[in-house]
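There are 2 protein chains.
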Amino acid sequence: MKKSIFYHAGCPVCNEAEKEITTLINEQVELVHLGEESNRIMEAERQGVKSVPALVTPSGSVLHINYGASIADLKA
Amino acid sequence: MKKSIFYHAGCPVCNEAEKEITTLINEQVELVHLGEESNRIMEAERQGVKSVPALVTPSGSVLHINYGASIADLKA
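If you're matching them up, the sequences are chains R and U in order.
All the letters of the first sequence, read from the start, carry residue numbers 382 to 457 under this note's numbering.
All the letters of the second sequence, read from the start, carry residue numbers 382 to 457 under this note's numbering.
Think of the hints as simulated: they come from the structure by calculation, not from any bench.
Heads up, some of the hints might be wrong.
Said to hold, decoys possible - Covered stretches of chain R, as calculated for chain U (at least 3 residues, CB under 8 Å):
id	stretch
1	411 to 417
2	430 to 439
Said to hold, decoys possible - Distance condition first, Cα-Cα at most 30 Å in a straight line; then the derived DSS-like pairs of lysine-lysine:
id	chain 1	residue 1	chain 2	residue 2
3	R	K431	R	K456
4	R	K400	U	K456
5	U	K384	U	K400
6	U	K431	U	K400
7	R	K400	U	K400
8	R	K431	U	K431
9	U	K456	R	K384
10	R	K384	R	K400
11	U	K456	U	K431
12	U	K400	R	K431
13	R	K384	U	K400
14	R	K456	U	K384
15	U	K400	R	K456
16	R	K400	R	K431
17	U	K431	R	K400
18	U	K384	R	K431
19	R	K456	U	K456
20	U	K384	R	K384
21	U	K431	R	K384
Fair warning: this is a prediction, and the values are worked out from it, not measured in the lab.
Ideal Cβ placement from N, Cα and C applies to all residues, glycine included.
Generate coordinates for the entire structure from the input sequences, incorporating the hints supplied.
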């Protein structure tokens, strides 16, 4: 099986992301389309989501992945 | 089991990240510390890694997760 590679540099942000990503292996994920479910935008913001795509982990950490759009743009 | 929540807005970046993240569930991940394995910095750059932490998926997509440090900083 081909493996993913997680590159990091031992920095605090890296260590936190590493912990979250390795925990996520074997976890499930719920998909929320904020354009279609705009009633959940506030819920996302409350959890610290600044932009999408973003993954909120079971422990409450927010992983902002690349950059698609800011939450502010979704409310416009 | 508590689930992760993946927030998105249907944008191209979101759709790509969703596909990658859902594929990653049940996949394994290799951890590479570029501060300790500086001989792999070029390999990371070649795959499109601009900053760490970053995850290169089995299909070759680069997911930049939050922001810790730029690759340029690691070479300094």
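Exercise. Going through the earlier hints one by one, which of them does the structure break, listed in rising order?
Worked result: Those not satisfied come down to hint 19.
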